[in-house]
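Following the hints, complete the assembly by docking chain D onto the known chain P.
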Amino acid sequence: MLLSEADLGAIGLTLKLATVVTLILLVLGTPLAWWLARTRSWLKGPVNALVALPIVLPPVVIGFYLLVAMGPHGPVGRLTQALGLGGLPFTFAGLVVASVIYTLPFVVQPIQNAFEAIGDQPLEAAATLRAAPLDRFFSVVLPLARPGYLTATVMGFAHTVGEFGVVLMIGGNIPDKTRVISVQLYDHVEIQEYAQAHGLAAGMLVFSFAVLLALYLLNPTGRRRA
Amino acid sequence: MKKLPALLTSLLCLALAGAAWADDVQVAVAANFTAPMKTIAAEFAKATGHTATLSFGATGRFYTQIKNGAPFDVFLSADDETPAKLEQEGAAVSGSRFTYATGQLVLWSAQPDFVDAQGEVLKKGNFKNIALAAPKLAPYGAAAIETLTQLGLLDSLSPKFVQGESIGQTFGFVSTGNAELGFVALSQVYENGKIKSGSAWIVPERLHSPIRQDAVILARAKDNKAAAALAEFLKSEKARAVIRAYGYTI
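Those protein sequences? They're chains P and D, same order as listed.
So for the first sequence, the working numbering puts the first residue at 1; every next one is plus one.
So for the second sequence, the working numbering puts the first residue at 1; every next one is plus one.
Quick list of in silico lysine-lysine cross-link-like pairs, DSSO-like style, CA-CA up to 27 Å:
| # | chain 1 | residue 1 | chain 2 | residue 2 |
| --- | --- | --- | --- | --- |
| 1 | D | 38 | D | 238 |
| 2 | D | 46 | D | 225 |
| 3 | D | 238 | D | 46 |
| 4 | D | 235 | D | 38 |
| 5 | D | 235 | D | 46 |
| 6 | D | 160 | P | 177 |
| 7 | D | 124 | P | 177 |
| 8 | D | 136 | P | 177 |
| 9 | D | 160 | D | 128 |
| 10 | P | 177 | D | 123 |
| 11 | D | 128 | P | 16 |
| 12 | D | 123 | D | 196 |
| 13 | D | 160 | P | 16 |
| 14 | P | 177 | D | 128 |
The calculated label-pair distances, taken between Cβ atoms and stated as ranges, are:
| # | chain 1 | residue 1 | chain 2 | residue 2 | range |
| --- | --- | --- | --- | --- | --- |
| 15 | P | 43 | D | 46 | 50 to 58 Å |
| 16 | D | 158 | P | 138 | 47 to 55 Å |
| 17 | D | 126 | P | 52 | 42 to 50 Å |
Computed footprint of chain D on chain P, listed as stretches where at least three residues anywhere in the stretch have a Cβ under 8 Å from a Cβ of chain D:
| # | segment |
| --- | --- |
| 18 | 64-73 |
| 19 | 78-90 |
| 20 | 188-195 |
Derived from the structure by calculation, the hints contain no laboratory data.
Think of the CB as a built atom: it goes at the ideal place given N, C-alpha and C, for glycine as much as any other residue.
Bound-form chain P, shown alone (with noise of 0.2 Å):
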């Protein structure tokens, strides 16, 4: 393969990036998805739209906005310096702040459409065998909803690898730190390196084809209802 150095350097990179980013979001989308199944509030319909934003805006917007958000004059860059945790943008906790918010859609959509199928009767039998309400969720709901983790799970990892408007806005291309396989492989085709080019990007297509490929196999849509 024609992998170099960096572009091995930019692959862990990428990897890490998207396993923290996943697990993160499904720690805060499970709450947050549950809310979003079970509310009756007017609120519902507003922070749906929030959540879904991602999907239509595009990243550099959200990279747009992060920068100058993010920044020392900015209002997280001020909250984050007067912690005395420093600036985000540059940084690979940047990136993971990024990358939550542009990959939240993709991870609390799937687990709100599970919690939203199962519906109140498998809830109401438990209660009735005197099942505790997190007992009910950890044996009842996490169970029944298992396809909706799997979708948000392998959503939620390939979306962040596939991640690139936001991290070109924010992260500074620095080696390590920020330079994930996206950016890496722009340079490579802005400076003409083609060949090293062809072996990231056939590895990016070839990586997404799998997992889609192992979601549809392992998550056949319709078994469930018949």
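Leaving out everything else, chain D in the frame of chain P:
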């Protein structure tokens, strides 16, 4: 019934005649030359009646697009290597290449009094991030690396580098304050003969090789009169006055 073909013919003649005296020229412009080129294009339209349609972007990307059939007639590069390469490869009209501007590198900060007039701030190193354009992608980035090498500061400062994909993005890092200072093009921070805001050190030209920006007429426009007219116009004193006003030398 006989009138229709005649009408069509006369319409066609009109269209052709129109094309003969007012052509359109598609221009690919290096990002750092955005502001002066807008002014020059307006002057060009006034002086010749031709229209120049401008696209702005990174030189490397334009090269790839041109090689893959992008519909550009004239290319204003940020360097002198890419136009030479295009000419060698037959993608540009041979002999049409010329230097339209020489860029000036500047160390700039959005904060007043942060960068001193001698660039001593580089030695002090009292900053977290210093921005530059990716040296492999942008000539201004390569010039910044040369400068730091000349000053013997490359190794000590490289951990603080943040790289923009283009000089435009690099400027964004510095202007938002995310990087305290950075190497950008003088044209980005210069207006009416002085630095617009913040503080700056204009890097002496002896510290890096000249950033010659060449233009070339692309192969598909070899018979395009508007393309030739634009090339001539760029060499005119009128255009050069604009170019100098934006901080380039020529």
